[in-house]
Amino acid sequence: MPSASTPDSSAHLTLRSRAPYNLLPGAMAVPTFDSIHAVRFDLPHGAVHAKGDPERCVVVPSAALDSLIRDSSPEAAELFGRAWGSAIGKRLASRLEDAESATLDDFVTQFAGEAAISGIGTVALERWGRALVVVIGGSPLSDSTMESLVAAAVEAACGLRPVCAAVSRDGETSRIFAGTQVSVDRLRAYLGSGLSWADAIARLHQGAS
Amino acid sequence: MTPVQKIARLEAVLARILARAGSRPPLGATRGEALALRQTGEPEKVTQAHSESLGATEIDPSVLAPTESRPTDEATRAGVRGASSETDIKWSSLPPAPAPAPDFIDGSANAFDGADAMEASVPVETASSVSAADAVRADDRAVSVVPLRGVESIPPSDPPAPSELEFGTEETGLAQEFEASHPSDQPPDSSRRLLGPDPEEQIARIAFGKETEQPPCHTPPPESGRMLAGSDSDLELELGTKSSFDPFEARVDDHADDDEDASSAPTSTRLVVLETRASIPSDGDVAEVIGSLPRHSPETFLQALRSSMSL
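Protein sequences appear in the order of chains A and B. Counting from 87, one number per residue, gives the positions in the first sequence under our numbering. Counting from 79, one number per residue, gives the positions in the second sequence under our numbering.
Hints may be right or wrong, so weigh each one.
Claimed, not checked - Between beta-carbon pairs, the in silico distance windows are:
#1 A:D157 x B:S370: 49 to 57 Å
#2 A:K137 x B:E377: 25 to 33 Å
#3 A:A133 x B:P372: 47 to 55 Å
#4 B:E377 x A:D120: 17 to 25 Å
#5 A:P226 x B:S370: 38 to 46 Å
#6 A:E241 x B:A365: 41 to 49 Å
#7 A:R126 x B:P372: 43 to 51 Å
#8 A:A150 x B:S370: 15 to 23 Å
Unchecked claim - Here are a few chain B residues that sit away from chain A, every Cβ distance over 12 Å (derived from the structure):
#9 Q83
#10 K84
#11 V91
#12 E255
#13 F286
#14 G287
#15 P298
#16 S302
#17 L352
#18 R355
#19 S357
#20 I358
#21 A365
#22 I368
Said to hold, decoys possible - Non-contacting residues of chain B with respect to chain A, defined by C-beta distances greater than 12 Å in every case (computed):
#23 I95
#24 R348
#25 A356
In short, the hints are calculated from the structure, not lab data. Note that beta-carbon positions come from the ideal geometry of N, C-alpha and C, so glycine has one too.
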């Protein structure tokens, strides 16, 4: 895996992060995530419900999930991730009034809120040129599971189904590129040839129209 | 007195004579003009020409006297035949007695023989000589003298009346004669200093009309005050430890020494860098920016996703 540090060859690409901003309240319209009653624990019925999703949720230890995904086939792990991501995407879509007109800040804010409630880690967005990269931090899941989870969540939220591929893993931070199957194949080919993830993304722009 | 000093004195006399002659209009022109008009029977024009010449310049009777004291019938008949393109000046048996200036016009017997009196080159074109060219040929100008330049002139005084002066052949003898006739004009040797060029060259220039470049008579004395210290290279040059720089010659000398004596001590050759630098101005607009950086700033997440999926 290429290192997460930014090489010099990718200096022409501008990093645009969409991490939550620490702005003064009331200074401008900052999208916020409404976390009130985001998770409802029905103690009499022994059920857990997430806001905006009628289906029950289960609080599962991450070690159990790791063992489950590790012992399962890739297809099963992908299906597991897609199912989980689709549920997150539906809740995200319910929070966004208009998913098509949602700005990057709005989307990443709600996406990050839902990811935090689900316990999969922090979510941020990076744009390297035209490439959109979702940064997942502190996730207990593997990269392959996160690829399917992010793709399903985005598809459930805005209707487009991207093909995601993890391009880097730096400690607890994973970068997942969102594109098409063709671009993901090229990107993986570049990464397999020894290029860093940033060079691979930069090379991806050379063949684009 | 040495011959050089004699020659110098002789030159001084010659220069004085030439200077006095050069300050006056050419006498030969007006006189020859008058003779020609007289032969053609036009006395009015003769008087007019003479009056014009007298009105233009003042004629020193002492200068005019010798020229008209030798009438010649031949000159009367043929006018004045003066060679105006030579520098030789020849006086022969000139009587010392002066005569009134206007008398030379009266009487045909006082014809002027310019060739016998004075012959000079490089005529000076004055107003009288130019106006007389309409009536008289230019060859009739018997005397035309140009003052010499660069010759030390002595304040004018009464011209000497030597019995016989010959210029051009026996300068030394003439100098001795002149010295004998005028012992009082000779200043003491200690006070004489030759300011002009070499006398031999000056005489040759006067006689043959050669113009030679004259070296400066004096060089200014060095300026007083503090002197600038010389550089190390100058000191080495003075001490003989460093020769004038020429890398090619230095290499050639080294090879020559090797050929001559291989066992001799090696010659230290000091090579100096000859730099050739380009002068590139630094104030020009070197960089040129064309267009602007394309910015990809999608407003919505969907646009960003579509843009990423277009890769």
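Hints, verified against the model:
Taking the beta carbon of each, A:D157 and B:S370 are about 55 Å apart, inside 49 to 57 Å as hinted. Distance hint check: the CB atoms of A:K137 and B:E377 are about 28 Å apart, consistent with the given range 25 to 33 Å. Range check, A:A133 to B:P372: Cβ separation about 52 Å, and the 47 to 55 Å hint holds. For the pair B:E377 and A:D120, the supplied restraint of 17 to 25 Å holds, since their beta-carbon distance comes to about 23 Å.
Distance hint check for A:P226 and B:S370: the Cβ-Cβ separation is about 45 Å, which falls inside the suggested range of 38 to 46 Å. Taking the beta carbon of each, A:E241 and B:A365 are about 47 Å apart, inside 41 to 49 Å as hinted. Separated by about 48 Å at the C-beta atoms, A:R126 and B:P372 satisfy the suggested range of 43 to 51 Å. A hinted range of 15 to 23 Å for the beta carbons of A:A150 and B:S370 is inconsistent with their spacing of about 54 Å.
The claim that B:Q83 is not at the interface with chain A holds, since no C-beta of that chain comes within 12 Å of its own (minimum 95 Å). Listed as a non-interface residue, B:K84 keeps its Cβ farther than 12 Å from every Cβ of chain A; the least gap is roughly 98 Å. Non-interface call for B:V91 relative to chain A: holds, since the shortest CB-CB distance, roughly 98 Å, exceeds 12 Å. Distance check on B:E255: its Cβ is at least 107 Å (rounded) from any Cβ of chain A, clearing the 12 Å threshold; non-interface status holds.
The claim that B:F286 lies off the interface holds: its Cβ sits roughly 89 Å from the closest Cβ of chain A, which is beyond the 12 Å cut-off. The non-interface label for B:G287 is consistent with chain A: the shortest C-beta to C-beta separation is roughly 87 Å, beyond 12 Å. Every beta carbon of chain A lies more than 12 Å from that of B:P298, the smallest distance being close to 71 Å; the non-interface claim holds. The beta carbon of B:S302 sits about 69 Å from the closest Cβ of chain A, which is more than 12 Å, so the claim that it is off the interface holds.
Separation of B:L352 from chain A is adequate, the least Cβ-Cβ distance of about 42 Å exceeding the 12 Å criterion. Every CB of chain A lies more than 12 Å from the CB of B:R355, the least distance being 34 Å, so the non-interface label holds. The claim that B:S357 is not at the interface with chain A holds, since no C-beta of that chain comes within 12 Å of its own (minimum 35 Å). Every Cβ of chain A is farther than 12 Å from the Cβ of B:I358; the closest lies at roughly 29 Å, confirming the non-interface assignment.
Every C-beta of chain A lies more than 12 Å from that of B:A365, the closest at about 17 Å, which supports listing it as non-interface. For B:I368, the requirement that its beta carbon stay farther than 12 Å from each beta carbon of chain A is met, with the minimum near 16 Å. A cut-off of 12 Å between C-beta atoms confirms that B:I95 is not in contact with chain A; the least separation is 98 Å. Every Cβ of chain A is farther than 12 Å from the Cβ of B:R348; the closest lies at roughly 48 Å, confirming the non-interface assignment.
Every Cβ of chain A is farther than 12 Å from the Cβ of B:A356; the closest lies at roughly 32 Å, confirming the non-interface assignment.
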